[in-house]
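Please put together the full structure from these sequences, using the hints given.
Chains A and B are the protein sequences, given in the same order.
Sequential numbering from 1 applies to the first sequence in the numbering used here.
Sequential numbering from 1 applies to the second sequence in the numbering used here.
Hints may contain errors.
[Said to hold, decoys possible] In silico PhoX-like pairs for lysine-lysine, Cα to Cα no more than 25 Å straight-line:
no. : chain 1 : residue 1 : chain 2 : residue 2
1   : A       : K84       : A       : K314
2   : A       : K33       : A       : K305
3   : A       : K314      : A       : K299
4   : A       : K299      : A       : K287
5   : B       : K266      : A       : K278
6   : A       : K278      : B       : K47
Keep in mind the hints are simulated off the structure, nothing from the lab.
Listed below, chain by chain, are the residues.
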Amino acid sequence: MAPRKSASVSSRKSAAKPAKKDFNGGTFAEFSKEEDLNAYREMLLIRRFEEKAGQLYGMGFIGGFCHLYIGQEAVVVGMQAALKEGDQVITGYRDHGHMLACGMSARGVMAELTGRRGGLSKGKGGSMHMFSKEKHFYGGHGIVGAQVSLGTGLAFANRYRGNDNVSVAYFGDGAANQGQVYESFNMAQLWKLPVIYVIENNRYAMGTAVSRASAQTDFSQRGVSFNIPGFQVDGMDVRAVKAAADEAVAHCRAGKGPIILEMLTYRYRGHSMSDPAKYRSKDEVQKMRSEHDPIEQVKARLMEKGWASEDELKQIDKEVRDIVADSADFAQADPEPDASELYTDILL
Amino acid sequence: MARMTMIEAVRSAMDVSMERDDNVVVFGEDVGYFGGVFRCTQGLQAKYGKTRCFDTPISESGIVGTAIGMAAYGLKPCVEIQFADYMYPAYDQITQEAARIRYRSNGDFTCPIVLRMPTGGGIFGGQTHSQSPEALFTHVCGLKVVVPSNPYDAKGLLIASIEDPDPVMFLEPKRLYNGPFDGHHDRPVIPWSKHDLGEVPEGHYTIPIGKAEVRRRGSAVTVVAYGTMVHVALAAAEETGIDAEVIDLRSLLPLDLDTIVKSVEKTGRCVVVHEATLTSGFGGEVAALVQEHCFYHLEAPVVRVAGWDTPYPHAQEWDYFPGPARVGRALVEVMEA
Ligand SMILES: Cc1ncc(C[n+]2csc(CCOP(=O)(O)OP(=O)(O)O)c2C)c(N)n1
Ligand SMILES: [Mg+2]
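Encoded structure:
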């Protein structure tokens, strides 16, 4: 088994774990220049978007719940790069990054956060509840774990229709303890459904570290009793994610049933905007940021290989900031939904 | 006497109960090490250790089912469901097991559990963090349902709930945690430290479950409310100048029908207020009971003011929330009827 190529967050794996195969044997192809540039731009868009959302929250333009994705960008960007038109995506409430990666408009997401009529849910859903039929994004779910069964059903529908699409159901290390996750696993394997369960293990469920709430902290092993293959992936390295996603997608498209990808990742910010994250040390966060930042990794590579100059990267940053600034302007200027919207979309 | 917020009062109730009875255990998501997302259990793990105050996985069904088993063998679990909106995975355990085990076992086994859960809106929580599911509990035979409206009651009622031999759904209106929010979201809420009902004894006391409290004496119309709506109703009475009698139910099951009936016999008019959606809400039950018991005293139809029959919207929170203006309009209407 070849060693991992990148400095990997998986160093936190305990030595006592049962031996198992590393995904791709721990190796993966380098990105082409184009792939690296794309990944850089997309991850940066999510990062800047989230930073702006955090600011708007602080200024009182966004109220209620707002869960930022900062630190985890490589997961959705790497996964999305392996998908094709028609593949479905579904996730929980930490969903802004997923939507941007799916190509949903920054304006639509930001205006939903501020509760305006131009938001993707007309302002009625808020940060946790957005959807896009066009981009095959099935939400945006505030109830922890609920999306896992829905994602399984999407895969069932693919199978039923005889297409070769896959559904990607994202959920957290905390969500992985909901009973319905295992009910879903069983059905998915029983019926050989093309679903990729992406467990975003960012080490915490709200204020509770993984080890405080999980008997099996290696989430890639959570499908063992259903014979669902599972792999741990360095979720901070977009190349590792993409490589894992490619294999998982191929597995599903070939009719081999579900597969689990545990993404070892990290959220830099608190659970939500109202969480000062006192349950972990500043050092821990700083160490992740300085040693494993998904965006810095790509940036360093681009510069090292001479694929982009400092100026070119600045230009990308500017373009991204423009998109984000535009979305923020829109999200503040757009009116709130009309009172007549109160009763729409409940029943036909 | 100490001054306490509702959070501190709830915490104090658990503290006092754990101190007095080794069988009391407190658990839930983020409850142990972190002290609860609303800080209601802060310090309890440090004081009582990890076997008596602990974290659970995010597994509501399993959490509640486990609590029921513990209770069947004599423990007294006081469980936090982080938001009432998260109780649905556990609803099966609540209705089929917790509510039935006494009946099913002919009294051999009982279920002295408390499920504490923050309810209601007003914090921009949207559809999955604002719900008021009390009617889903009152519709089940075998549960008690308690909703405090202030720190003093919260502590006394929670201790009574923990000591109660049967399952108690303890709904904490989250918008009241820090002060008597009256629906005027554009004004700062006065803190409990400046309110009489923020005076809470440090030690043990109980408030009997099933006794309502009249918060405002009046002769023109009876307002039946609970939780946050008690304060909204009080504001509406002041602002309309209508001499309303405001009843704080404190518990929905058992229901203090006597207090309601006495009041309506006096006033001849009744408005029922809750934040939960209107249709099949608890207000329907109260309205039915009032017309059944006070029919010949009624001078106007019983009116309900409630949340609209929609999911709780993210924007438009204050269009949804039955605030003092809406309650005030209802008061005027019943007076004119
Ligand atoms: C059924 C349910 N229970 C509890 C919650 C409250 N809650 C929201 S997020 C969360 C933590 C989830 O952690 P994880 O799955 O690891 O995702 P992360 O926030 O780390 O992305 C909890 C307990 C909820 N929304 N729904
Ligand atoms: Mg997590």
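Quick rundown of the hints versus the structure:
1. At roughly 30 Å between alpha-carbon atoms, A:K84 and A:K314 are farther apart than 25 Å, so this suggested pair is violated.
2. This hinted pair checks out: A:K33 and A:K305 have alpha carbons roughly 9 Å apart, not beyond 25 Å.
3. At most 25 Å may separate the alpha-carbon atoms for a hinted pair to count; A:K314 and A:K299 meet this at roughly 11 Å.
4. Restraint check for A:K299 and A:K287: satisfied, since their Cα atoms lie roughly 18 Å apart, inside the 25 Å limit.
5. This hinted pair does not check out: B:K266 and A:K278 have alpha carbons roughly 55 Å apart, beyond 25 Å.
6. A hinted pair counts as satisfied when its Cα atoms are at most 25 Å apart, and A:K278 with B:K47 qualifies at roughly 19 Å.
The structure shown violates the earlier hints numbered 1, 5.
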